[in-house]
Each structure stands twice: as C-alpha cells, then as structure tokens.
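Peer 1: Below, each chain spelled out in residue letters.
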Amino acid sequence: MTLRNLGLLAAAVVVAAVACGGSTSTATTTGSTIILGAPLGLTGSLTKESTLTQQGYNLWSDWINAKGGIVVNNVKHPVTIKYYDDTSSANQSAVLMQKLITEDKANFLLGPYGSAATATDAAIAEQNQIPMVEANGAAQSIFSQNYKYTFGVLSPANKYLQGVLDMAATLNPKPTTIALLSADDSFSLEVADGINTYAPTKGMTVVLYKKYKNGATNLSAEVQAAKAANADIVLNSGHLLEAIAINKAAKEQKLNAKIFAYSVGPSTPDFITALGADANYVYDGSQWTPQVKYTPAFYLSEADYVAAYKAKYPGLGDPDYHVAESTAACLALERAIENAGSLDPTKVRNALAALDVTVFFGQVKFDSRGLNIYKPMVVEQIQNGVHHTVYPASVADAKPMYPTPSWDQR
Amino acid sequence: MIATLDSNRRWRRAFLIVGGIIAAYALLAPLTSLDAAVSANVPLLADRLWFRIATYIAMFIVMATGWNIIGGITGYAAFGNVAFFGIGAYTTGMLIAKAKWPFLAALPFAPVVAALFAALVGLPLLRLRGHYFAVASLGVGVAVGELVQNIDYGGQPLFGGASGLFLPIDSIANRGLFFFYLMVAAAAISIAVTWWVLRSRFGYGLIAIRENEEAAAVLGVNTTAYKVAAFALAAALTGLAGGIFSQWNVFINQDNAFPIEYNVQMILMALLGGTGTVFGPAAGAILLQLLIQFLGGTLPISFDLPFVSETARPIVAQIILGLLLVGVVIFVPRGVIDFFGGRSRLSLSYLRRSLRETSL
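If you read the sequences in order, they're chains A and B.
FYI, in my numbering the residues of the first sequence are 1 to 410.
FYI, in my numbering the residues of the second sequence are 411 to 770.
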C-alpha cells in the first residue's frame, strides 16, 4: 500500500467516524419509555396553579416526544408523564408519590404545586432515592434538610427583590435609602430578609423595616411610617391585595419615592385593572417574563416558547411564570439524563447536582442544597399600562422610567 | 326463630373466619418486604405503597375510635378533634426537631399534651350542648392550627411558622414496616380502651349522659368530670396518632397536621361503622379509607369508571362518596357493624325499617 493510499484510507476512516459521530444526535433505536411522575392538585384549592404547572410539563413532553424522546447512549427513550390528582392535599400527594414510584415504576419525579406538598414529597423522594425536580416550592426550608434528591429550578424567595436593588445601583441619581414593608408569612419574610442582608452590599440602608399581618388591607399606618422615613425606595414584600392597598395609600398620603417596588402583584393583569394609571412606574420582581432574552443551549427560544404555548393553549394569553418554571424543571431533568448517559437514579441525581445549562428560563444550576441560586430574578416595570422587562439590561426590552414623578405631577 | 338464630350464628362464624384471614393477611403481608422474603420472591402487597395506605388506615382507626368515645358513647358531636391530632404531631415534632429528643422518648408526650389541652378547653366547651358544642369545637380545631402557625417567640416563629417543621429522616431499618406496626399498635390500644370504657362504670356514666344528661346528674353521675375525662381520652388517642404521624411523615405544617377534612372524615367513619360500638369506627375507617383510596386510583386493584374520563374521575369519586354516605346515614343508621356482628341482615325490610327510624 502506498503512502498516498494510506492517507486516503485514513481520511475515509475520519469521514466515517465523523459520520458516525454525527449520527449520535439522530439515534435510530427506540428504547424503553421513561416514566415521570407528578401528583398535582387538579381539583381543590390549588387547581389554578396546578393546571399551569401541568401545562408547563406537557409543553415539554410534547416537544421531546415529537423528537422521539430523550437520547441516552444513542437510544431514544420516549417520555410519559403520569399525573395523579392529589386534591390539593399534601398528605394525599405523598401517597401518590409513593404509588408513582412503587406501582407505576416512575424513573424520575416532577414536583407538585405548593411548598407543603413539595416538602412532603421531597421526603418521599429522599427515602426512595429517586430524583425529584421541582419548580413550585419556593420555601428555602425545603432545601435546608440536607436532602440529596430534590432540586428546585426557581430562584429562592430571598432573591425576589434583590434584582430591584441591583437595578437601583445602576441608576442616576443613585437611591440610597429603603423603606421596607413586609407581610408576616414565611415567603414574604424570606423576601424581606433577602433585602435586609443585601442592601448594605449595594451601599444602601434600610431606614425602616415594618411587618404587617398577612392579608391586611388597611396599610395607611405603614405607609405613613414610610413617608416619615422619607426613603428613596419603597419596597413591599407581600401579595397582590397588599400591593394594591399600599399603592392606593401612597397616592392618598402623597408618599413620594424614586422607586416603588412590590414583590408579588404588579406582574398580574389584575394590578393594572385595579389601579389604572396609578399602576404606572411600579416595579416588581419576577421569576421570568415573556420578554427575557437568554441564549438557550437547547429547546425553544423565549419567543418560540410563547408561540408554542399560545398554539397549544389558545385564548389564555402569554404563559405565566408558573408555566415557564415547570417547563424548565423538565428541561433540567432531560439534560441531566442525557449527561448521565443512564437512567440510573443515582447517576441522574449526580448529573443534576453537576448541571449548568442555560435555557429560555435562564441559567439552571444547583448549589449544594439543590437550590438554583444562579438565575437572576428579572425586574419588570409597568410603563403606560404595559409590563416591560427593565433589568438585567441583557434581557430587558425597555429602560427603567426613573425617577418616579411625584403624585401631583403624574 | 331457631333457624334464624342458627343462620345468624353461621353468618357470624363465617364473618369471623373471613375477617380473621383478612386481618392476618394485612398484618403479616408487610413482613414479606423484609430482605429475606424479597430474595425468596414472595409476591404480595408488601411494598411501600401498601405500607403507606395501610398506615393511613390504622391512623384513621385511631382517630375514628377516639372520636367515638366523645361523639358516639358520650353523645357530644365534637367537630374539632383534628386539633388534638395536630397538637400531638407538633408536640412530638418540636421535641424531636428542636430539643433533639429521640422519637420513642418524644412520642409519649403527644397524648399527654393533647389530653391536657382537651381537659383545659373541655371545661368551658362541654357546658355547651348540641349544635352549640359542635360549632364551638370546630372553632377550636381551626384556631389551634392558626395559633401554631402564627405564634412568635423573640421575633422567630416558635413552631416553624408557615414554613412548617422538618424532622430528621430517621435511619430506622425497614422504616415503612416500623411505622405500620406502630400505627397498628395505636389502633389496637384505641380499640382496647373503647372495649374497657364500654364495660366500666365510667362508660355507663357516659352512656347515661348521652341518653339523658339531667337524669344522669340526678343519679349521681358527676357529668362535668365524666365529660371532660371522655374528651381528654379521645384527645389522647388522637394525639398519639398525630405523634406517630409527625415522625412518619417527617414534615408537618398547618396543612397536613390540622387538615379540616379529617374532622369530617373521622366522624363519617364512626357513623359508617356504627357509633357507640367497639369495632364500628374501626370497620368504618377501613371501609371509607379503602373507598377513598380506591376512587382516587391508588389501590393496586382499580378499574375505569364507565362513562367517566380520567380528568373527571376525582370529581365523580367525590360525588360517589357523598351519595354513599348519605345512603348509609339514612338506611344504615347503626352502621355497617350491625351486619358483621350477626345482629342484623342486609335486607329490604331492614332498609325500610331504618328509613322509618331516621325520617322521624
């Protein structure tokens, strides 16, 4: 054989190897079906949020099955998500989780809706050593138990309003004082704690921190205290109705601040409906908005995601962040299974722990507790009656309208 | 007449044999989950799902039997017994999670604290009668849950607040088996206690109170002491179930330690099985919990309901459950235990007689 022929042969081998390598992404054999289990409150008090969660899961399973399934070592495994209705009861959720593992032989678990059910199910996942990826239990206490098999893709509660401070630090003139109001439920208190510890690192001072009873609707005393504190930033860590009450009282009592930001509430259409033009300029922290622009490593872009949602669930408007985070949980699991190259629960668990990937929902990476502390919260502002994403600048579709004009000039 | 007696006796014997076999199976089947049995390939219901459901059934036996002492034997319709379940759960939970006690040392405090609390609220509450007592006890049930969630000490929630209380996952070998037998033991204790009550002077006093409280007082029954004791006894049993539940479930919060629906379920179980009897509440607990799990699709035996889609199933299940209970209350007022004991036979005339009794 001549040297030239040898060279040709080598080239052919390389080409063949590349061809084979290329074909790994389009595996031809179909393997066993991967069964994912998810108990959800399809009836009962958590029906609305649970349905959104299910929509998020289904969007992904439709997509992955259209491709033929999850590729593990060149074998395509179609996916079935097995749902059970836990009637919004955490105790029933635990029974169903056990059924999914024992009877339905679920390979992996997706989280239920709500912190109570998630906490109960996390213990079940731990005892059975089956990984559970969840998207709807924000309480950090779930992740302080040294559980090894539970992973949450959403940003923890203490990050909810930190993005607002990050944004505020970039503004001119820079605001430096904060009046912080908080409801007394665990989620809101975790949000407020996040601000208390974070503000000094941004050169800001919390000059007023006042708690009120969860569900309170008359907050004029708290607003009066905030006015006396004369802070640049007024933050509220609470819920929709409290956010509306504070905004109304702020107008009546002429509380002027450069920034009004509320943890939960302004992102819902109800906030704008209730307050009309007074809702303008208000900021909020959100897990995700349809406007964000990340660079997804796989799956859909944000725009395609919104389009896919509207095609599958017409008439419901843009996907809520509950939907997006639920889809993101599936994506994290999918990528971890691929990385593990195995359906072995422990190997996939280790792959989840090592995961670092960016999808349309943002970066998904877990700390040692299983919490995704790496994805930033985004900051939204209502501008002329429309939600706009204003921070981080890399994903924003508008600039913050700053400072907020005083009430007599709006 | 002789023939009926004979047939009743035969019926009773058949029931005892079948019941004994089922009970033995239910109690022994879990043992096949031990490593030795698993390697020998013994096929049974002995998996973790069965443990969970069976443990729930035992838990409801305790609660329904406990309720029977105040609601069935004494005739005071307590609608807030879930408070004692939650107090038991939180007592054990706090001792384990905060004081780092071992589980078996913490467990005895669950019934004690629940009973003390019941005695405390029982003194004013048991002065009320009928609907007034029912509503007031329901109020206590809700209020205790709210208090546990909202009490702060030094700015921190004392009982874990809205985040709930996490207990360490204990490293007990054959965990499911352990909690199953522990809960079964609690169920056996509650039935034994009921058996003793119904044969004691104390129990006769309680029945006298149920039938006519003024007459009982005239006859020398210290009605207040008797009622409070019955309430505390019911609370102790329910609290024991709660104490076991907390370590079994390893996470407790207001939602799962004070579930409002348990208030109703334990009463329905006692009604279904037969109030005032020893085994009635237990029979009701087994039947109703099996039915709930069956309609919810968690039992190994399951079939599709005709004309019902998968999504509508839970709702239809609730409707079936509701109709069935209405039927039982109207047609079987003494509970299904009436048939098992060989005292009555399910027949058209029985149903007609019952209808006459209940529609008074």
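Read the hints as simulated data drawn from the structure, not as lab findings.
Nothing here was measured: the structure is a model prediction, and the numbers come from that model.
Keep in mind that a hint or two might mislead.
Claimed, not checked - Only pairs whose alpha carbons sit at most 27 Å apart, straight line, appear in this in silico BS3-like list of lysine-lysine:
no.	chain 1	residue 1	chain 2	residue 2
1	A	K211	B	K510
2	A	K310	A	K148
3	A	K254	A	K213
4	A	K48	A	K310
5	A	K365	B	K508
6	B	K510	A	K213
7	A	K227	A	K210
8	A	K105	A	K347
9	A	K254	A	K82
10	A	K227	A	K67
11	B	K508	A	K105
12	A	K148	A	K210
To be verified - Here are the in silico distance ranges between beta carbons for each label pair:
no.	chain 1	residue 1	chain 2	residue 2	range
13	B	I729	A	E338	50 to 58 Å
14	A	S368	B	Y563	52 to 60 Å
15	B	P716	A	S32	38 to 46 Å
16	A	E338	B	I427	33 to 41 Å
17	B	T768	A	S32	31 to 39 Å
18	B	V545	A	P78	50 to 58 Å
19	B	L526	A	S32	33 to 41 Å
20	B	I427	A	Y313	51 to 59 Å
21	B	R755	A	G215	49 to 57 Å
22	A	D104	B	P716	19 to 27 Å
23	B	A595	A	A354	54 to 62 Å
24	A	D104	B	Q728	21 to 29 Å
C-beta: ideal position from N, C-alpha, C; glycine also.
Peer 1: Which hints, by number, does the structure contradict?
Peer 2: 1, 2, 5, 6, 9, 10, 11, 12, 13, 14, 15, 16, 17, 19 and 23
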